[in-house]
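Chemist: Okay, here's what each chain looks like letter by letter:
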Amino acid sequence: MIFSEPVFRPGGDRFIEMELGDEMSFDLNFRVHSVSRLIREQGPAGIVEIVPELTSIMISYDFERIAYADVVTEVTAVFHAVGPLDGLELDSRIFYLPIRYFDPWTRECWDDYCAKIAPKERDPELVARLNGLADLAQLARVHSGTDYWVAALGFYPGLVSLMPLDPRCRLTAPKYDPPRTWTYKGTIGIGGALCSIYPDRTPGGYQMIARTPVPIWDPAQRLAAFAESLALFRPGDRVRFIPASADEYDHVAAQVEAGTYLHNVAEYQRFSISNYHRWLGTIDEAVRF
Amino acid sequence: MLEVIKPGLETTVQDWPGRIGYWEQGFPFSGPMDDWSFRLANLLVGNAQGTAGLECQFTGPTLRFGRDAVVAVTGADMQPTLDNAPAPLWESFAVRAGQTLAFRFARLGARAYLAIAGGIDTSPVLGSRATFHQAGIGGLDGHALRAGQSLPLGDGAGTPSRRVREECRPPLTAERVWQMEAVPGPNDDWIDEAGHRMFLESEWTVQTRSNRTGFRLSGPAWSFAEKATNKRSEHGEDPSNILDHGYPVGAVNLCGQTPIILVNDGPSTGGFINPYTVPSAAFWKLAQSKPGDVYRFRAVSVDEAQDQRRAINRLIAETSIETI
Numbered sequence: 000m001i002f003s004e005p006v007f008r009p010g011g012d013r014f015i016e017m018e019l020g021d022e023m024s025f026d027l028n029f030r031v032h033s034v035s036r037l038i039r040e041q042g043p044a045g046i047v048e049i050v051p052e053l054t055s056i057m058i059s060y061d062f063e064r065i066a067y068a069d070v071v072t073e074v075t076a077v078f079h080a081v082g083p084l085d086g087l088e089l090d091s092r093i094f095y096l097p098i099r100y101f102d103p104w105t106r107e108c109w110d111d112y113c114a115k116i117a118p119k120e121r122d123p124e125l126v127a128r129l130n131g132l133a134d135l136a137q138l139a140r141v142h143s144g145t146d147y148w149v150a151a152l153g154f155y156p157g158l159v160s161l162m163p164l165d166p167r168c169r170l171t172a173p174k175y176d177p178p179r180t181w182t183y184k185g186t187i188g189i190g191g192a193l194c195s196i197y198p199d200r201t202p203g204g205y206q207m208i209a210r211t212p213v214p215i216w217d218p219a220q221r222l223a224a225f226a227e228s229l230a231l232f233r234p235g236d237r238v239r240f241i242p243a244s245a246d247e248y249d250h251v252a253a254q255v256e257a258g259t260y261l262h263n264v265a266e267y268q269r270f271s272i273s274n275y276h277r278w279l280g281t282i283d284e285a286v287r288f
Numbered sequence: 000m001l002e003v004i005k006p007g008l009e010t011t012v013q014d015w016p017g018r019i020g021y022w023e024q025g026f027p028f029s030g031p032m033d034d035w036s037f038r039l040a041n042l043l044v045g046n047a048q049g050t051a052g053l054e055c056q057f058t059g060p061t062l063r064f065g066r067d068a069v070v071a072v073t074g075a076d077m078q079p080t081l082d083n084a085p086a087p088l089w090e091s092f093a094v095r096a097g098q099t100l101a102f103r104f105a106r107l108g109a110r111a112y113l114a115i116a117g118g119i120d121t122s123p124v125l126g127s128r129a130t131f132h133q134a135g136i137g138g139l140d141g142h143a144l145r146a147g148q149s150l151p152l153g154d155g156a157g158t159p160s161r162r163v164r165e166e167c168r169p170p171l172t173a174e175r176v177w178q179m180e181a182v183p184g185p186n187d188d189w190i191d192e193a194g195h196r197m198f199l200e201s202e203w204t205v206q207t208r209s210n211r212t213g214f215r216l217s218g219p220a221w222s223f224a225e226k227a228t229n230k231r232s233e234h235g236e237d238p239s240n241i242l243d244h245g246y247p248v249g250a251v252n253l254c255g256q257t258p259i260i261l262v263n264d265g266p267s268t269g270g271f272i273n274p275y276t277v278p279s280a281a282f283w284k285l286a287q288s289k290p291g292d293v294y295r296f297r298a299v300s301v302d303e304a305q306d307q308r309r310a311i312n313r314l315i316a317e318t319s320i321e322t323i
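Keeping their order, the protein sequence lines are chains Z and X.
No gaps in the numbering here: position 94 of the first sequence is 93 in numbering that gives the first Met the number 0, and each next residue is one more.
No gaps in the numbering here: position 237 of the second sequence is 236 in numbering that gives the first Met the number 0, and each next residue is one more.
By construction, these hints were calculated from the structure, which means they are not laboratory data.
Check each hint, because a few of them may be wrong.
Stated by the list, open to error - 27 Å max Cα-Cα, derived DSSO-like pairs, lysine-lysine: (1) Z/K184 - Z/K174; (2) Z/K174 - X/K230; (3) Z/K119 - Z/K184; (4) Z/K184 - Z/K115; (5) Z/K174 - X/K289; (6) Z/K119 - Z/K174.
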């Protein structure tokens, strides 16, 4: 459900959660980011930070500068000022990321999990089977056949939640239970209906199908893309995965290692939701690539 | 320079209010867990209250000073000594170049704070010197102190023999049962009436696996409202699962049946509900409690929680300090 009026709930003395709906929906997430942008531009003084997520916005505020009730009133006004979805546009850069499907590193990580924690079906086979795909080649084709929408950032610095924009490329998968104790940096995983890129070596639960040599966060800010921010993505960016051979993967990895890698990003893009809706009307969602 | 002879269990550079402005990208605020004690330590040595100092956890470090300094130690009692002679708590004192300030284990409380006139002058990362060691940023090299490291110090001249009045300090006692405030929400409507009663009437024990990310609690089982058990499949299978959302700092984050209070270095988002949130005025109690301690929760309103915070903020003032 997408709410016609936002719902506000307190998180202690300095946070407010603003709920805009309760379902996984691109339209809902687009509204979340449209409202978030306008809160940043026009929101009242005293709002310290906002964290947009799939269906909601977490707001931190300084109660010495603005009262809870006034945050609610002012942010509700911003919500209504955004207006109907059709006609809305957001800046939306496109990042091209080389990835190596069914790589040896995620296989090693799965091996290690099976040996030390619990045996399980290998991740790519499991994802292909659960999604009715013929083989791993089709899994790579379907997974790389769409742009992904950066729906949210968080949990760990730079970690992204990616939604496939082409409904023909939707994949779902259960999460590891119990979770992994480690995952290779750059692992591409699928959990629930979301895709994610692991920014660093961390625990994890998404099914691992590929790896990218391209860093998406860099505390040392070595590469040019991190000159202004430690994290590569902003909400509303898009990601396109480019299947890479072992040689291409190694070539990029060597550039990253040398500090010369330039992230491949189209900065001039905007995303129009009415164009997107129009396009959705022209495709047969049941067809797979 | 401040030379690290022994690092202590987990000693980190922190400033207050920490790293603000990057939460959206997943960076937590970090900063001192007991900012009441931390800010008073800075006032004692004449610093601005947010100036970078050290947070020492459970067992403190041994440090040699490369220059004369005025310092203050607040928070937990880690039995500090200056060249083997007892050093005071809650009171500024002078240290001469070459002297060694040593801490032991915390015999009262869990986290001690060291402020040095002029502050610690490590390079800020994203506007803050606070250490977020899970991701390796801030502090000296992104991590807790290690033996052999040297911390750069800023310029500053403090005044010794300034003391925080007893009634202006966090009321630390040897009692290991804590009265903890909790504001219902944001997801209080996912818990049924029996679940709320259970939470507020039970004793919750702090697990060993508790740190600056979260405090894990052991206690009875939760029960849930229909909203948690009868929901759209994308929210997840467990009653405590919800579509990924933002986590307030202080959230009582329910993972299955285990509540984890998310604190200064906690995750910004995730897929579990937060039926209650511990307000900022109670953070000193989290900071000063140890594994095995017991929490009893009391529900407070947003207004009440803000009033409690205001009362603490009023104590972070020159009027709380007396000259000996």
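Chemist: Tell me the hint numbers this structure goes against, listed in increasing order.
Modeler: Result: hint 5 breaks, nothing else.
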